[in-house]
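2 protein chains.
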Amino acid sequence: MRLSQFHLRTEKETPADAEVVSHQLMLRAGMLRKLAAGLYTWSPLGLRVLRKVETVVREEMNRAGAVELLMPTIQPRELWEETGRWQKFGGQLLKIKDRKEAEYCYGPTAEEVVTDFARQEISSYKQLPVNFYNIQWKFRDEIRPRFGVMRAREFLMKDAYSFHIDDASLDAEYRNMYDTYARIFTRLGLKFRAVFADTGAIGGSASHEFHVIADSGEDAIAYSDTSEYAANVELAEAVSPGERADATETMRKVDTPTQKTCEDVAALLGIALTRTVKSVALMGTDAEGQPQFVLALVRGDHMVNEIKLSKVPGLADYRMATEAEILEHLGSEPGFLGPVKPAKAIRIVADRSVAAMHDFVVGANEAGFHLAGVNWGRDLPVPDEIADIRNVVAGDPSPCGNGTLGIARGIEVGHVFALGRKYSEAMKCTVLDANGKAVTPAMGCYGIGVSRIVAAAIEQNHDDNGIVWPDAMAPWQVAVCLINPKNDANVAAAAQALYDDLNAAGLDALLDDRGLRPGAMFADIELIGIPHRVVVSERGLAAGTFEYRARVASEAEQLDRAALFERLSRR
Amino acid sequence: MRLSQFHLRTEKETPADAEVVSHQLMLRAGMLRKLAAGLYTWSPLGLRVLRKVETVVREEMNRAGAVELLMPTIQPRELWEETGRWQKFGGQLLKIKDRKEAEYCYGPTAEEVVTDFARQEISSYKQLPVNFYNIQWKFRDEIRPRFGVMRAREFLMKDAYSFHIDDASLDAEYRNMYDTYARIFTRLGLKFRAVFADTGAIGGSASHEFHVIADSGEDAIAYSDTSEYAANVELAEAVSPGERADATETMRKVDTPTQKTCEDVAALLGIALTRTVKSVALMGTDAEGQPQFVLALVRGDHMVNEIKLSKVPGLADYRMATEAEILEHLGSEPGFLGPVKPAKAIRIVADRSVAAMHDFVVGANEAGFHLAGVNWGRDLPVPDEIADIRNVVAGDPSPCGNGTLGIARGIEVGHVFALGRKYSEAMKCTVLDANGKAVTPAMGCYGIGVSRIVAAAIEQNHDDNGIVWPDAMAPWQVAVCLINPKNDANVAAAAQALYDDLNAAGLDALLDDRGLRPGAMFADIELIGIPHRVVVSERGLAAGTFEYRARVASEAEQLDRAALFERLSRR
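Taken in sequence, the protein lines are chains F and G. Numbering-wise (my numbering), the first sequence opens with residue 588 and increments by one. Numbering-wise (my numbering), the second sequence opens with residue 588 and increments by one.
Just so you know, not all the hints are guaranteed correct.
Identical copies go unnamed one by one, so any copy, or any two together, can satisfy a pair.
Each computed DSSO-like pair below joins lysine-lysine, with the alpha-carbon atoms no more than 27 Å apart [as the list claims (entries may be wrong)]:
#1 713 to 1073
#2 684 to 621
#3 682 to 621
#4 840 to 928
#5 599 to 713
#6 682 to 895
#7 621 to 713
#8 1024 to 895
#9 1009 to 675
#10 599 to 1015
#11 1015 to 621
#12 898 to 931
#13 687 to 840
These aren't lab readings, by the way, just hints derived from the structure by calculation.
Go ahead and model the full structure; you've got the sequences and the hints to work with.
Here it is, written out as structure tokens:
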């Protein structure tokens, strides 16, 4: 592409109404133009990137044996009634009436449509397994669309749906799609993690989310530094830290007149926060269904995990205890609570880490005092109830048994679900098995947010000068910058020849022949994130070299033609 | 593609609810599955064809210098209010309210959105000319969606919009797009005509429709057999047939007791229909605005053209005369009317052909009688008013001056418009010209019905056995049919090797490895319209030949490998 024949419009200023860096840079690079809330026109530049992502997704889905079809964006209400989702899906479902008052929605997903297709098209086990996918525009009527195409209302999604005669076949395809997604994000040049996920509202048994790692991500992910293991921080298991060591201190009461938090107590005593214990007073329910006071214990540097806590028997609907309830059971005001000698016999739930501590510090159940050198089995009974009730932290051993956990933030860009028979059953989709018996096929569904990937990639790959595209997503791989203040035909011809040769070598090259000053030209090429830049100038021609600079490099290099092509072939 | 890994589902029976052959064949071939009225899922087979069309359109648009972008399907009401089309567009506009009661439509076209984009993106004449296009789903809420994807509600359209500093630039791009469309339809292998069109509701100055020629087409087109000229039959000019010959007969009254039509009179008299004149009694308006009786004359074999008639002075709002008005002015009942000796002085408008007739037959203005041997200037005054008021017929000289007109039926698949400034003016889109003055750019718009082309191509190219795809649109160009009742590994390997070699040679090949009987396999391959079929069988292998048959050929041939590749390379 010759840039003079293209339409590029960049902006120097960061737009005031764009909150996240990907949105800011997409607007500044001129990739997007807002049409209305959550609706964007993809400019020629933006569309080039979107198509590159789409192409990689399509090629890998085809390679995985999935078969592409195309479903309409508009879907009839009747099908959504069959699964009950016309009501259940909620306000994100954009409902539409046509001129005859017939009701439709703009599809936010296509389980109903594809299951309707399958029940008409598939009659025999011989046609299974099959995995239908489509890359089509979807709509979710977000209450607060924001962050540009990261959370747009109209968005491009690859959604795939597989059908299987039995669960073993579904499991195999689930793994196939898992591996395919890993290939897709790897080819796109993105740092990502497959994250074990809750199956949530869409139903089903197994589920993984694929996250692009970026500091600005909405989700915190715990991942092993040596294995594939990753999970949402709130779902990752905190494993037992091993055997408890023997007591080396005697229990003693220490003055903590105003120190009500573990951090303050540790600072006062000059000890590590990891030697303190946080006592959280809750009200749960006992076996008879009566209110029950519970003291949950986590290490001072840990956070209680509400999801895990609610899975402890009797705590499904727990609430924080009131000051009166605390006074009644512990005999103290908040800030000085602890498990040693409570006013009444109470139920104690200790986190696995707490159960393994020795010589620790807890509140003394007396205002202004804590107890130090506390040890299980000597100063208080060894806890009956030991559970995983905390968030994992960086440095924890990975629950998979391999490596140590790190914590990263991620942007969800893909999701694989083993759906089971939820939709095929509701919609009476059956096929004949080898014995001629009608059976309900198992289903999987597999989504990728194609347009969202573009924004997520920028969140992960940018610097002060703009976007830093991975090669596979870049609008062009190489920019040939023509510096030609004197309009010298030789310089122009050399730039054109280099551009032609790069394209002939299979590189997607851009010729910047707009005649801008070098500074403005380079700023544009950096802002729009072209991975490789080659400058063709009179001075370079005279020396027989081109100035090459990788987008990620701090310095340019003077390379002769052979060295330049060698460098670019190493991409 | 190995067919065993694909999803193909054909039907033997013609579906009862499909009216036109393209819809019937698309359903039988399993290209489509109806989701709701005017909404279709494109099966894997159908999508392959749709993508082939889309790719040709995209490649040629890029080659023509147009720049692709992508506009959302959902468009805000505000923009449509700016041009007044929110109301004017009518019931086809699918209006939508979101959860906040904001109003949108599903875009049936995108003049408003692209003009809004341009007025933000384009500020200087230096950015012009530019032609933005997108290939995106559109929606028209047809009252009666029918004929499958020929008149679906959700359809895939390529729409392009160009912006120009002046009319000369618009004219050049109009011609560029005209030529591009011709290249697109030529590459697709379709017989088509560019038809001069009325500019109609969308406004503007120049306009051509591109029609795929097919007997089932909705529009009748007159075209020159030797030039590019083509026009809608109702718009094609009927040129003067030349000088009138001298009289050779005397006028005589003939008995036509029950013969009220030219056909019946000609049959009775044993003369050619071309020697009779049809008299059509109308009421128009005279120069003072008073009702005026007018007798319009066309040759017996011609049809009055209402559009042309309404362009004659005083006939803009004409109506047929009543029997009472006819009796008053001609003194006769209908069926025997003529221009000779009317009861009152009347206005006569003669078609050009009639004005050139001699020795002709007209009604005698007396029930049961006609006049034969009538001649202008002798039996009645030479007509004052001679106009083109008839439809052209096959055999007429082409109004372009080259060749003879033929009449064909066509399906509109493309449209080019020189819009002028209708939208840019209404939406206050301006750019600075070379003098720094704000000017309103001229616009063109250029549409292609991508999904409609698929149906139109079938209307043009089918036979009793199914679809006959042109090579460029075929889902695959060559089908390799593996006949292997004994599951002989050599036969399977030979088919696989041939399939691999065909793909390597740049052909899009299909391997039918489903293991069907030859009859069922061939019926499928013919129904889905694969242009070239090669059979690999044990017998052929033994003889060192493949059985080759073109979809359009009546017989198969036995070819050795070299001859086969030679034949396929000739496509």
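Now for the hints, and whether the structure bears them out:
no.: 1; hint: 713 to 1073; result: between (70 Å within a copy, 20 Å between copies)
no.: 2; hint: 684 to 621; result: both (26 Å within a copy, 19 Å between copies)
no.: 3; hint: 682 to 621; result: both (23 Å within a copy, 20 Å between copies)
no.: 4; hint: 840 to 928; result: within (13 Å within a copy, 134 Å between copies)
no.: 5; hint: 599 to 713; result: between (59 Å within a copy, 20 Å between copies)
no.: 6; hint: 682 to 895; result: neither (37 Å within a copy, 47 Å between copies)
no.: 7; hint: 621 to 713; result: between (48 Å within a copy, 24 Å between copies)
no.: 8; hint: 1024 to 895; result: neither (43 Å within a copy, 68 Å between copies)
no.: 9; hint: 1009 to 675; result: within (14 Å within a copy, 46 Å between copies)
no.: 10; hint: 599 to 1015; result: between (57 Å within a copy, 25 Å between copies)
no.: 11; hint: 1015 to 621; result: between (42 Å within a copy, 18 Å between copies)
no.: 12; hint: 898 to 931; result: within (25 Å within a copy, 104 Å between copies)
no.: 13; hint: 687 to 840; result: neither (79 Å within a copy, 60 Å between copies)
Violated hints, in rising order: 6, 8, 13; the structure is consistent with all others.
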